[in-house]
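Trainee: Here the protein sequences come in this chain order: A and X. Going by my numbering, the first residue of the first sequence is number 1, and it counts up by one from there. Going by my numbering, the first residue of the second sequence is number 1, and it counts up by one from there.
Keep in mind that the hints were calculated from the coordinates and are not lab data. Honestly, I wouldn't trust all of these hints.
It does not matter which identical chain is meant; a pair holds if it fits inside one copy or across any two.
Derived DMTMM-like pairs (lysine to aspartate or glutamate); straight-line CA-CA distance at most 20 Å [as the list claims (entries may be wrong)]: (1) Lys38 <-> Asp12; (2) Lys9 <-> Asp160; (3) Lys201 <-> Asp69; (4) Lys38 <-> Asp68; (5) Lys201 <-> Glu143; (6) Lys9 <-> Asp169; (7) Lys9 <-> Glu93; (8) Lys9 <-> Asp186; (9) Lys201 <-> Asp160; (10) Lys38 <-> Glu207.
There are 2 protein chains.
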Amino acid sequence: MQFQSSDIKAMDPRHRAAFMNSVSGFKSANLVGTVNAKGQTNLAIMSSAVHLGSSPPLLALIIRPSSDDHQTLANILDSGCYSLNHVTSSIVEQGHQTAARYPEDLSEFDATGLSPVWHAGFGAPMVAEAGIKLGLSLREHHELAINGTNLVIGEVVLADLPAGCMAEDGALDLVSAGTVALSGLDTYCQAVTFKRMAYAKTHLPPEVLWDASAQ
Amino acid sequence: MQFQSSDIKAMDPRHRAAFMNSVSGFKSANLVGTVNAKGQTNLAIMSSAVHLGSSPPLLALIIRPSSDDHQTLANILDSGCYSLNHVTSSIVEQGHQTAARYPEDLSEFDATGLSPVWHAGFGAPMVAEAGIKLGLSLREHHELAINGTNLVIGEVVLADLPAGCMAEDGALDLVSAGTVALSGLDTYCQAVTFKRMAYAKTHLPPEVLWDASAQ
């Protein structure tokens, strides 16, 4: 089934949004925790976190210019910090509900029953019930002229990990941490490890380090 | 298990790279197909595709300044187009192998045995064996001063989808399309749909549209 540029542009806007939110593949599902100067907390689900580099340890986040995500962006720019909290299977319903357009004076923590956790020396709330939890310090913000979205670059300054989820090589076992993957706008998936591959080298064929079918 | 900023900075560089490539959650696994002015094709696996907007239909890609990904970036900037091809379970080994540092005059298509497919009117090769295949036209390129990575913004101008993977609402069924999710640098996962949620509304509790445990 093929779609040309004209077909994509001719799609109904909601249909195109569902399509475009699916085409890149599986996405992360993170709850972004922030607070404003009055102490009002905010929690928003986002699927746009992306690795930018490890030295310094940077992640980027795309924040849409919608009214709903505007509060998160304003809080990040004002406070200089934010948390990323992995949605796990047990909090899919509450996590998804943070996408509802609650009024600014109602915290999504209160609306959904998720619990804020504060770490000493870090100014944004994390989510107690989440799996892997990160604290980020704002490093750069760019508004992208092409469509008004915001590129927010943060440094990971705090990581709170479930016991036993870090392997010897530093990688995290997202499956054991309960992290879910997001397909499109609304479909939450559990992951099953299929194959772990060795570092690819030109003079060697692909080497499978772990294979689900061999277990 | 908690890590402060100083702990993260003190990690061995390879350990920190494995950690940082895991912390954002599950990632997409796409093969990026390009060609240079001499007709030399290139194929590189990347996990940084992210949704930027649906009108116009834009995806962003972070391209690292490494020597290996430099050819992909040069080809995109020169030709103005590139393809994104979903890695599926059946091509995990070949897809991962494109990360090896092959010399510039050797195409990863030839090195891995994956097959280029050309679509009329689109100037970059797609991967025949991949699942969902997209053609993108370059719209913007920004080098990010903070660490020299490149933000490449492209418009989806072509989509070639496996039969039956688009739902009525426009969303793609990534599970049925065979798309895998990536954890960290080397762990490929298959996804199982867990819950599909209704559009979140403030005056209604979370509504589960489909639940694996109820099947």
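Trainee: Now tell me, hint by hint, if it's right for this structure.
Mentor: Structure-based check of each hint:
In this assembly of identical chains, the alpha carbons of Lys38 and Asp12 never lie at most 20 Å apart, being 41 Å within a copy and 40 Å across copies at closest. In this assembly of identical chains, the alpha carbons of Lys9 and Asp160 lie at most 20 Å apart only when taken from different copies (15 Å versus 43 Å within one copy). Taking the shortest Cα distances, Lys201 and Asp69 sit within 20 Å of each other only across copies (15 Å), while inside one copy they are farther apart (43 Å). With identical chains, the CA atoms of Lys38 and Asp68 are at most 20 Å apart within one copy only, with a shortest distance of 19 Å there and 48 Å across copies.
Taking CA atoms no more than 20 Å apart as the test, Lys201 paired with Glu143 passes in neither setting, with 39 Å inside one copy and 28 Å between copies. Proximity of Lys9 and Asp169 under a CA criterion of 20 Å is satisfied inter-copy only: 15 Å between copies versus 45 Å inside one chain copy. In this assembly of identical chains, the alpha carbons of Lys9 and Glu93 never lie at most 20 Å apart, being 32 Å within a copy and 35 Å across copies at closest. For the homomeric pair Lys9 and Asp186, neither the shortest alpha-carbon distance inside one copy (22 Å) nor that between copies (36 Å) is at most 20 Å.
With identical chains, the CA atoms of Lys201 and Asp160 are never at most 20 Å apart, being 34 Å at best within one copy and 31 Å at best between copies. For the identical chains of this complex, Lys38 and Glu207 are neighbours neither inside a copy (54 Å) nor across copies (32 Å), given an alpha-carbon limit of 20 Å.
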